[in-house]
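There are 2 protein chains.
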Amino acid sequence: MKFRIAFLLAASTLLASVSAQAQFAKPEDAIKYRQSALSVMGTHTGRLGAMVNGRVPFDARVAQDNADVIAAMAKLPWQGFGPGTEGGKAKANIWTDAAKFRAGGDKLAADAAAVAAAAKSGNLDQIKAAFGTYAGNCKTCHDEFRNQ
Amino acid sequence: MKFRIAFLLAASTLLASVSAQAQFAKPEDAIKYRQSALSVMGTHTGRLGAMVNGRVPFDARVAQDNADVIAAMAKLPWQGFGPGTEGGKAKANIWTDAAKFRAGGDKLAADAAAVAAAAKSGNLDQIKAAFGTYAGNCKTCHDEFRNQ
Numbered sequence: 001m002k003f004r005i006a007f008l009l010a011a012s013t014l015l016a017s018v019s020a021q022a023q024f025a026k027p028e029d030a031i032k033y034r035q036s037a038l039s040v041m042g043t044h045t046g047r048l049g050a051m052v053n054g055r056v057p058f059d060a061r062v063a064q065d066n067a068d069v070i071a072a073m074a075k076l077p078w079q080g081f082g083p084g085t086e087g088g089k090a091k092a093n094i095w096t097d098a099a100k101f102r103a104g105g106d107k108l109a110a111d112a113a114a115v116a117a118a119a120k121s122g123n124l125d126q127i128k129a130a131f132g133t134y135a136g137n138c139k140t141c142h143d144e145f146r147n148q
Numbered sequence: 001m002k003f004r005i006a007f008l009l010a011a012s013t014l015l016a017s018v019s020a021q022a023q024f025a026k027p028e029d030a031i032k033y034r035q036s037a038l039s040v041m042g043t044h045t046g047r048l049g050a051m052v053n054g055r056v057p058f059d060a061r062v063a064q065d066n067a068d069v070i071a072a073m074a075k076l077p078w079q080g081f082g083p084g085t086e087g088g089k090a091k092a093n094i095w096t097d098a099a100k101f102r103a104g105g106d107k108l109a110a111d112a113a114a115v116a117a118a119a120k121s122g123n124l125d126q127i128k129a130a131f132g133t134y135a136g137n138c139k140t141c142h143d144e145f146r147n148q
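In the order they appear, the protein sequences are chains A and B.
So in the numbering used here, spot 75 of the first sequence is number 75, and the numbers just go up one at a time.
So in the numbering used here, spot 59 of the second sequence is number 59, and the numbers just go up one at a time.
Treat the hints with care, as some may be off.
Stated by the list, open to error - Capping the alpha-carbon separation at 20 Å, the derived lysine to any residue pairs in SDA-like fashion look like this:
| # | chain 1 | residue 1 | chain 2 | residue 2 |
| --- | --- | --- | --- | --- |
| 1 | A | K120 | A | K32 |
| 2 | B | K26 | A | G42 |
| 3 | A | K75 | B | D59 |
| 4 | A | K75 | B | S39 |
| 5 | B | K75 | A | H44 |
| 6 | B | K32 | A | K120 |
| 7 | A | K75 | B | H44 |
| 8 | B | K75 | A | D59 |
| 9 | B | K26 | A | S39 |
| 10 | B | K120 | B | V56 |
| 11 | A | K26 | B | K128 |
| 12 | A | K89 | B | S39 |
| 13 | A | K26 | B | V56 |
| 14 | A | K26 | B | R47 |
| 15 | B | K128 | B | I31 |
| 16 | B | K75 | A | R61 |
| 17 | A | K32 | B | H44 |
| 18 | B | K32 | A | G87 |
| 19 | A | K26 | B | A50 |
| 20 | A | K100 | A | K139 |
| 21 | A | K139 | A | P83 |
| 22 | A | K32 | B | G88 |
| 23 | B | K89 | A | D29 |
| 24 | A | K32 | B | R47 |
| 25 | B | K32 | A | S39 |
| 26 | B | K75 | A | D65 |
| 27 | A | K75 | B | G46 |
| 28 | A | K32 | B | I31 |
| 29 | A | K120 | B | D68 |
| 30 | B | K75 | A | Q64 |
| 31 | B | K89 | A | K89 |
None of these hints come from the bench; they were simulated from the model.
Fair warning: this is a prediction, and the values are worked out from it, not measured in the lab.
From just these sequences and the hints, can you work out the full model?
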């Protein structure tokens, strides 16, 4: 019985791993993908942040455009951190503490969706609140999982 | 009168140029941005293409996820080709024939939105038709505006 459960667990882990790998032909493709997605997300985070911080005048339409891109991008990078894709600025604990890293990614995606929802309201105070929560993820995750 | 129109045209061109430039602090930021957006778009185009071509089994949910990313990304790269951002694989005619390049980008974005709309139907034949039109843009534009 124990053997059977262990076997099923191993088989399902293998399957999940094969499926993640199959998304990218080579590890460097996965690295390029996650770096590209994070870069685009960073650009639009910076633009919305400038509006939230008052460095750029608030424009509800532009805020929403940026928030929509952030919400779309925040779901993507994590699939590029599959087994065997170490590299770039990624720290080793992304793979040794994969559950925590994955939970951080899921939280970021949810918080980014909340920014997009707030942007739909056109209310700057709501956007500021949601953006603050969203942007907090960036630093937390970079401090823990990214080499400077 | 002629002078006044010429002046207004020059002023509005300057304004548009300043506004495009203001999106990126340095030309290399614009180049990195457009390359990142195109790279993410390419990854998801490849995934949806594999489904459309039957190399991967059709999964309506996965098709829609990919189509949504394609539609979001297809709007982005063009802002990264502002004045003074020559570089990468970009040919000079992107700037000397800017209106044609811009029209191509707008068409791609519209065709990508049609792919996302088709994906919502869950009908593979509709997706195939829309994807064919969308993917045709890639080759046309690369042949004309990208160094190999």
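For each hint, the structure was consulted:
For the suggested pair K120/A and K32/A, the alpha carbons sit about 31 Å apart, so the restraint of at most 20 Å is broken. With a C-alpha separation of about 15 Å, the suggested pair K26/B and G42/A falls inside the 20 Å cut-off, and the hint holds. Using a Cα cut-off of 20 Å, the hinted pair K75/A and D59/B holds, with the two alpha carbons roughly 19 Å apart. Straight-line distance between C-alpha atoms of K75/A and S39/B comes to about 16 Å, which keeps the hinted pair within the 20 Å bound.
Only pairs whose Cα atoms come within 20 Å are accepted, and K75/B paired with H44/A is accepted, the gap being roughly 13 Å. Note on K32/B and K120/A: the hinted pairing is violated, with a Cα-Cα distance of about 29 Å set against a maximum of 20 Å. For the suggested pair K75/A and H44/B, the alpha carbons sit about 13 Å apart, so the restraint of at most 20 Å is met. As the CA atoms of K75/B and D59/A are separated by approximately 19 Å, the hinted pair is consistent with the 20 Å bound.
For the proposed pair K26/B and S39/A, the alpha carbon gap of about 15 Å is at most 20 Å, so the pair holds. With a CA separation close to 19 Å, the supplied pair K120/B and V56/B stays within the 20 Å bound. For a cut-off of 20 Å, the pair hint linking K26/A to K128/B is broken: about 27 Å separates their Cα positions. Between K89/A and S39/B the CA atoms are separated by roughly 19 Å; this keeps the pair inside 20 Å, and the hint holds.
Proposed proximity of K26/A and V56/B is supported: the alpha carbons are some 18 Å apart, at most 20 Å. Distance restraint check for K26/A and R47/B: the Cα-Cα separation of roughly 15 Å lies within the 20 Å cut-off, and the hinted pair is therefore satisfied. Straight-line distance between C-alpha atoms of K128/B and I31/B comes to about 32 Å, which puts the hinted pair past the 20 Å bound. For the given pair, K75/B sits about 15 Å from R61/A by alpha-carbon distance, which is consistent with the 20 Å threshold.
Straight-line distance between C-alpha atoms of K32/A and H44/B comes to about 13 Å, which keeps the hinted pair within the 20 Å bound. The straight-line distance between the Cα atoms of K32/B and G87/A is roughly 19 Å, inside the 20 Å bound, and the hint therefore holds. A C-alpha spacing of about 17 Å is found between K26/A and A50/B, which places the hinted pair at or below 20 Å, so the restraint holds. Our distance criterion of 20 Å between C-alpha atoms is met by K100/A and K139/A, whose separation comes to about 15 Å.
Annotation: proposed proximity of K139/A to P83/A is violated, straight-line Cα distance about 24 Å (limit 20 Å). Simply put, K32/A and G88/B have alpha-carbon atoms about 16 Å apart, close enough for the 20 Å limit, and the pair holds. Under the criterion of a C-alpha separation no larger than 20 Å, the hint pairing K89/B with D29/A is consistent with the structure, at around 19 Å. As the CA atoms of K32/A and R47/B are separated by approximately 16 Å, the hinted pair is consistent with the 20 Å bound.
Distance check on the hinted pair: K32/B and S39/A sit about 8 Å apart at the alpha-carbon level, within 20 Å; holds. For a cut-off of 20 Å, the pair hint linking K75/B to D65/A stands: about 10 Å separates their Cα positions. With a CA separation close to 18 Å, the supplied pair K75/A and G46/B stays within the 20 Å bound. Annotation: proposed proximity of K32/A to I31/B holds, straight-line Cα distance about 15 Å (limit 20 Å).
As the CA atoms of K120/A and D68/B are separated by approximately 18 Å, the hinted pair is consistent with the 20 Å bound. Under the criterion of a C-alpha separation no larger than 20 Å, the hint pairing K75/B with Q64/A is consistent with the structure, at around 14 Å. About 25 Å separates the Cα atoms of K89/B and K89/A, which puts this hinted pair outside 20 Å; it is violated.
Checked against the numbered hints given earlier, the structure breaks hints 1, 6, 11, 15, 21, 31 and satisfies all the rest.
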